[in-house]
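Please work from the sequences and hints to get the whole structure.
In order, the protein sequences belong to chains A and B.
Numbered by my numbering, the letters in the first sequence go through residues 2 to 579 in order.
Numbered by my numbering, the letters in the second sequence go through residues 21 to 222 in order.
By construction, these hints were calculated from the structure, which means they are not laboratory data.
Heads up, some of the hints might be wrong.
Listed below are the simulated SDA-like cross-link pairs for lysine to any residue, each with C-alpha atoms no more than 20 Å apart in a straight line [to be verified]: (1) B:K114 to A:S408; (2) B:K149 to B:G138; (3) B:K149 to A:E195; (4) B:K159 to A:T154; (5) A:K207 to B:D176; (6) B:K145 to A:D110; (7) B:K149 to B:D191; (8) B:K159 to B:G111; (9) A:K55 to A:R187; (10) A:K407 to B:E219; (11) A:K55 to A:D65; (12) B:K156 to A:R200; (13) B:K159 to A:G152.
Partial list, derived from the structure: chain B residues whose beta carbon lies under 8 Å from chain A [as the list claims (entries may be wrong)]: (14) L34; (15) L37; (16) A118; (17) Q124; (18) S144; (19) E186.
For glycine and all other residues, C-beta sits at the position ideal for the given N, C-alpha and C.
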Amino acid sequence: MSTTTSLQWLVVPEEIAAEPSRDLVGGKAWSLWRMRSLGLRVPPAFVVTTEACKAYFADGHMPDGLDEELVAGIRFLEQKLGRTFGGSERPLLVSVRSGAAVSMPGMMDTILDLGCNDTVEAALAAESSDPEFAAEVHRRFTGFYGRLVLGCTEELDELPDTAAVRAAIAEDVDATVPADPWEQLRAAVAAVFESSRSRRALAYRKHYGIPDDLGTAVTIQAMVFGNLDDDSGTGVLFTRNPVDGTREPYGEYLAGGQGEDVVSGRITPEPLSYLAARWPSVHAELLEAAECLDREGRDAQDIEFTVQSGELFLLQSRPAKRTARAAVRIAVALVDEGVLEPEEALSRVTADQIRTLLRPEIAAGAADDAEVLASGVPASPGVATGPVVDTPEAAQATPGSILVRKSTSPDDVHGMIAAAAVITEQGGSTSHAAVVSRALDTPCVVGCGVGTVAALVGRTVTVDATTGRVYAGELPTSAADESEDDDLRRLTEWAERAAPLTVSTTAVLEPVFDADAAVDEVGGKLPDIPAGTRSVRGGIFCTLDGVRAAMDAGVEEIVTARRLPVLLAAVAHHRRIS
Amino acid sequence: MLDPYELTVHTLTLRQLGSAEDLRSINGLPVDDVEAALEKAVVEGTVMAARGNHMITPAGREFLDGVYPRTFAALRADAAVTAAMDAFETGVNKQILALTTDWQTIEIDGDRVPNDHGDPEYDSKIITKLARVHEKTYKVLRPLADADPLVDRFLDRIGDALVRAEGGETDYVSGVRVDSMHTVWFQMHEHILRLTGRERPE
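Right, dumping it as structure tokens:
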């Protein structure tokens, strides 16, 4: 676009060689520019700058000349893709998203499929030979627009079709979604600007002392479709295995699939090898891009991509979700690859993840002949053995007991904190017992059925909250040991060097404060650490809150059987305060 | 309306164990009023005190069981309140609990595992959804809030927790040791169940 330089309110990331200022274009557009500069193909985009947002609030209306520039920006996208905004043939749809230089919660979510109306739906149906898809695009866009631009607070996602969504919006806010794509676009841009001063955004900035005049940029990007023809599809790729962390690409491809299909299961996905067989050149380009993004991101990436008529587009790349096992493997591998320093690798693994890995399990085969006394929904994983009690007071009075209740309420929380495991008769995975147990990292089985309290109370049982079974008696357990695993041993060595205090299995320093003996952990509150304490022990000091409290009180040593989680929590707190 | 004495005893059904200051932060009374109420309650045997903390007694629960129907007769007879409670239980309450579970667990390759909060984008999506439901709850509970000022106070405290969660203080969604969104939500739920004389559905 030869007019790029004359634009006042817009930046086109792929048209500029020099790195754009994040303050001006926001983080999203900056990362698009970055991907382009790495030679990767992303759907074309342009960005309305934070300067335009400032002018919007200064003038009280859309800044002069922005309307014309929006037209110029859309013309650029049209020309890039050979499509027409609002067109009755080969229509162009866009996404509209907010983006500030620093993360600012409370701002508007992304609007997808903007530019849709009845004409465009018909054109999409004809082009993709998939009227159901075209109708779905229209329905979803109507919902996005209703909620984000018109301020409808009703749940629109579950409604069956566009007409139903329109009706719900009209009922709630007495407004309609405009048919004119240009009107849609202008209103969406204004709504993004407005969202930077939403109640939530203002509350957030007030709490954290962020200046209020910090505006937002608006990124407008062409939508690409994976279901246009036989040479199209969509997929996701992990640069490393998200389950065990192995350094090999792992992913799924849906031939003829679009966006949500990956999640919804409308089409059965194929492994990446399908793509390799069907489209070797696209597959090779994808793997090369994945390698580049993994190196550039200095971490395992989760990459969303679409193939439109044989052309690969990268939609998004971000640090991948992973299991605790994978997090450990990836952090250590990145040090071995020379990407991370050991100290930085420690920030990639949390204390909770290590606790998950070191969690005891019932020894292999030990449960085979054991009597199952109750079973229910596993709500918070782990294994615990102990005597069963049926009141929170008894749980507090009996260390290591298993609390069984019909269901739990805030009245029971102090007993749940004291209990080694929690069992309920009623409720599912979202019940109070489930949520609180997960927050406490206490094993929990819910929904074991009527009569469970009476059947269990007074007995000694073993709770396997990973499978949701309660066994009679005490079953042998096996726990992983951090010294038996190479990756964990190396992490421990690095953490020992980085931690500002010592973590030992037996106390070396005096005086020692024992929180379990102090039994002052009432109502879930942290105990007061006596002045002059050099060493602490007790269950509370294995939690993040406990580690923080000990460090803030100047304690030099924490005594615990499992050292690595406490070391990592100490390193993390040290990083945060220094 | 509950008087300061009744309200203070009632507050100990929302938080099992608490200091005058803990109770004040829930019920919004001046701390002097809470302290006076607690002194009276200990004398009357409705509350036990130990080391600055307080706990309701069985006699205290019986006392409240007598107070609620009298105080909230009009509220309980109000069809708009009943409709609001029905909508709360089947709608926003279920949504909040489901979202809290989504917050605590993530899906990796088909399995749900504990959320390590290593993906700010995932967390931020959940908080955005929570904030949307929270906003909607102001509307849903309007008939109750018009009759009882504590409802809005609970909702404002839930909003405060969400703000902190958005700032990366991840404990403030479902943490047990802080006034997290889930902690306050459950206090509010228990509060309105007691006002309306309904059982917790589960």
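Hints and how they fare:
1. B:K114 to A:S408: The given pair, whose Cα atoms are some 16 Å apart, holds under the 20 Å limit.
2. B:K149 to B:G138: Judged against 20 Å, a Cα distance of about 19 Å means the pair holds.
3. B:K149 to A:E195: holds (19 Å)
4. B:K159 to A:T154: holds (10 Å)
5. A:K207 to B:D176: Roughly 15 Å between the alpha carbons, so the hint for K207 of chain A and D176 of chain B holds.
6. B:K145 to A:D110: OK: K145 of chain B and D110 of chain A at ~9 Å, within 20 Å.
7. B:K149 to B:D191: Holds. K149 of chain B to D191 of chain B sits at ~17 Å (cutoff 20 Å).
8. B:K159 to B:G111: OK: K159 of chain B and G111 of chain B at ~12 Å, within 20 Å.
9. A:K55 to A:R187: Since the Cα atoms of K55 of chain A and R187 of chain A sit roughly 16 Å apart, the hinted pair holds (cutoff 20 Å).
10. A:K407 to B:E219: holds (13 Å)
11. A:K55 to A:D65: holds (13 Å)
12. B:K156 to A:R200: holds (14 Å)
13. B:K159 to A:G152: holds (14 Å)
14. L34: holds (6 Å)
15. L37: holds (4 Å)
16. A118: holds (5 Å)
17. Q124: This hint holds: Q124 of chain B lies near chain A, its Cβ roughly 4 Å from the closest one there, short of 8 Å.
18. S144: holds (6 Å)
19. E186: Since chain A brings a Cβ to about 4 Å from E186 of chain B, closer than 8 Å, the hint holds.
Violated hints for the displayed structure: none, as all numbered hints are satisfied.
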